[in-house]
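Number of protein chains: 2
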Amino acid sequence: MNNFEYYRPTRILFGKGQIEQLSRLLPRDTKILMVYGGGSIKKNGVYDQVTAALKGFDYLEFGGVEPNPEYETCMRAIELVKKENIGFLLSVGGGSTLDATKFIAAGAKFAGQDPYDIITKGLPVADALPLASVITLPATGSEMNGNAVISRASMGLKASFVSEKVYPQFSVIDPSVTFTLPVRQTLNGIVDTFVHTMEQYCTYDVNTPLQDEWMLALMRVLIAETPKVLADPEDFNARANIFWCATCGLNHFMSLGCVQDWATHGIGHELTADYGLDHAQALAVVLPRLLQTQKATKKGKLAKLAYEVFGVNEPDEIKAAGVAIYKIEEFFGSIGMKTHLKDYGIDRTEAAEKTRAKFAARDIHLGEHANITADTAYEILMGS
Amino acid sequence: MNNFEYYRPTRILFGKGQIEQLSRLLPRDTKILMVYGGGSIKKNGVYDQVTAALKGFDYLEFGGVEPNPEYETCMRAIELVKKENIGFLLSVGGGSTLDATKFIAAGAKFAGQDPYDIITKGLPVADALPLASVITLPATGSEMNGNAVISRASMGLKASFVSEKVYPQFSVIDPSVTFTLPVRQTLNGIVDTFVHTMEQYCTYDVNTPLQDEWMLALMRVLIAETPKVLADPEDFNARANIFWCATCGLNHFMSLGCVQDWATHGIGHELTADYGLDHAQALAVVLPRLLQTQKATKKGKLAKLAYEVFGVNEPDEIKAAGVAIYKIEEFFGSIGMKTHLKDYGIDRTEAAEKTRAKFAARDIHLGEHANITADTAYEILMGS
Chain A
84 MNNFEYYRPT RILFGKGQIE QLSRLLPRDT KILMVYGGGS IKKNGVYDQV
134 TAALKGFDYL EFGGVEPNPE YETCMRAIEL VKKENIGFLL SVGGGSTLDA
184 TKFIAAGAKF AGQDPYDIIT KGLPVADALP LASVITLPAT GSEMNGNAVI
234 SRASMGLKAS FVSEKVYPQF SVIDPSVTFT LPVRQTLNGI VDTFVHTMEQ
284 YCTYDVNTPL QDEWMLALMR VLIAETPKVL ADPEDFNARA NIFWCATCGL
334 NHFMSLGCVQ DWATHGIGHE LTADYGLDHA QALAVVLPRL LQTQKATKKG
384 KLAKLAYEVF GVNEPDEIKA AGVAIYKIEE FFGSIGMKTH LKDYGIDRTE
434 AAEKTRAKFA ARDIHLGEHA NITADTAYEI LMGS
Chain B
84 MNNFEYYRPT RILFGKGQIE QLSRLLPRDT KILMVYGGGS IKKNGVYDQV
134 TAALKGFDYL EFGGVEPNPE YETCMRAIEL VKKENIGFLL SVGGGSTLDA
184 TKFIAAGAKF AGQDPYDIIT KGLPVADALP LASVITLPAT GSEMNGNAVI
234 SRASMGLKAS FVSEKVYPQF SVIDPSVTFT LPVRQTLNGI VDTFVHTMEQ
284 YCTYDVNTPL QDEWMLALMR VLIAETPKVL ADPEDFNARA NIFWCATCGL
334 NHFMSLGCVQ DWATHGIGHE LTADYGLDHA QALAVVLPRL LQTQKATKKG
384 KLAKLAYEVF GVNEPDEIKA AGVAIYKIEE FFGSIGMKTH LKDYGIDRTE
434 AAEKTRAKFA ARDIHLGEHA NITADTAYEI LMGS
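Protein chains in written order, with the numbering used here: chain A, 84 to 467; chain B, 84 to 467.
Hints may be right or wrong, so weigh each one.
Identical chains blur together in the list; that is why a pair holds if it fits in one copy or across any two.
[Said to hold, decoys possible] Mimicking DSSO-like on lysine-lysine, the simulated pairs with C-alpha atoms at most 27 Å apart in a straight line are:
#, residue 1, residue 2
1, Lys311, Lys387
2, Lys382, Lys311
3, Lys437, Lys99
Worth flagging that the hints you see were computed from the coordinates, not collected in a lab.
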């Protein structure tokens, strides 16, 4: 097991009716900004529940955060925060809204010229406004981590930062608010969670049996619970299990001491930036082909996945590893998640060349062996 | 899945050489009290590592905390804390030292007459000194929770309190400091961890597949790693895996949303208070017999344990449940942990009658169905 440091001070309130806990947990001595997205919370009852709990608090609203949240949107919120002397941020929505809220929190206290330097130049977040979340989409795990992905369309960028300063103080997770999620978003969240787990699991063995078994269990549970929510969107237990998988999938607890990958995300972000693919769609396109190119170095973990998640009966390790890749793609296909660029009307040669050029310009090396360079990314996307 | 609230703000520093991180993490603006036990840290090099990291800090030492830490010892430390105006506590040792440190932290700020009222009267901990730990024994999970068990021999009591105010700010876990642990303490820790997991797992199903699989995985890993440390006490990976199991075994993360039991601990504490049995020895005596009396209501979880941890091939659920109990006792026996009162020279009739009398006097109802009363405890111990 590798050395590690773990710190996750976010309080989690999970279950039916937990949104009303806001009135216990939010601060009463400062002005709150409620940040939300395109308005789905006004349709599914979350907005009403939150504003009922906010009765008596001093708060303003900032709506309109888009999926793949935009730098420009965040900058408008930062302006409002400063003008109104906001002291606390409450994100109400999915991972995009929460990621934006994290960037707003850091940006509002940023001492330099442009807060995007936190992302592009890796400047540390010295301070940030306190924040909390009501998370409505099981997907990014943003509710229990310090990560945020922010796009800047004007520069063709989609990139992330991570800081302890932007952990939510608390996150409210009521799985019943996901009953009305469109199928596309439900599936996106499931695929996102699956790929998060793969990025942490599927590298090479450093003797972490407990962690490996947790991650394999998470993938088994996702595969078992997905058909249930597709059959009955109001199956509370299945929704709860999927949400808890999503949170655990990226609070970094299950993979402590393990070697991680994250190359699928690195390439996937380019597809989203260039073609507007949903994050999970991009991951579903990249993962199988990336695993094909890395099968030799990942074969141990892939074979274990074949045996313990997919019940494959094939004693030869490298053959079992190959079957695991087919099984993952089969799982994505079985739930209606397309895995080829052409399925989304994207020319793979163009996409591969674009990504190769960008990776080469930034001299990018991804993956646990830092061997996913411009040329490998090209090969992966040419296979997609 | 049941509703839950989770908050665990302890920073974990895990791995070789992490004790030197103390110099980065301890406060420099207040006086620190280093709390430790009987002096084993002076033999295994931990004392030297800690004092080297403490160079330049303003600190005092308080040694001599005993296993099953005593109220009287804690009260002497509280006196010292007040006299010397201590502002931060650093526990260096096992769970007993850390539990004592938590009680000292709460007691030093206690506004009432007798801090033991926190335990016997369940008074809330309104405030506590900040504390941290270098944990040297994989067992109690105290390094990542807010629990503490404190004995008061003069009253024949061994009981616990729990408070968010006594979470360690950080805990340092270097598995290599456990290379020199006596076999008895190694086994105690493993059995303690196993029973902690059983207390959280083995109740009834409320649809928590991810949590169940994590707990089953933890027990599988413990069973697989134990022979390795017995064969080679300096097997770093096995020591690391066992320590991480112990921490995860009682940070309450893996069982969120599950129904819990804790009756084995309730009865075990009496045996330790009455006869000085090691905590884990007491648990090993109680658990198999408790499971026998509760087999009917626990059969679903027990059968799953039989299949997934012990590989039992018996389709009938109640029969498989019975085999699981034998397998647990067989595991304890295989590592040299005795499971009968007579093995420890204790008269079971006397022990059973003592516990029945105490449970009756306090009208105790333990277990997930609150059905473990004085008479059931008597039956359990008469079978032990």
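Evaluated hints:
In this assembly of identical chains, the alpha carbons of Lys311 and Lys387 lie at most 27 Å apart whether taken from the same copy (26 Å) or from different copies (22 Å). In this assembly of identical chains, Lys382 and Lys311 lie within 27 Å of each other by CA distance solely across copies; the values are 26 Å between and 31 Å within a copy. Proximity of Lys437 and Lys99 under a CA criterion of 27 Å is satisfied in neither setting, with 46 Å inside one chain copy and 44 Å between copies.
Hint 3 from the list above is the single one not met by this structure.
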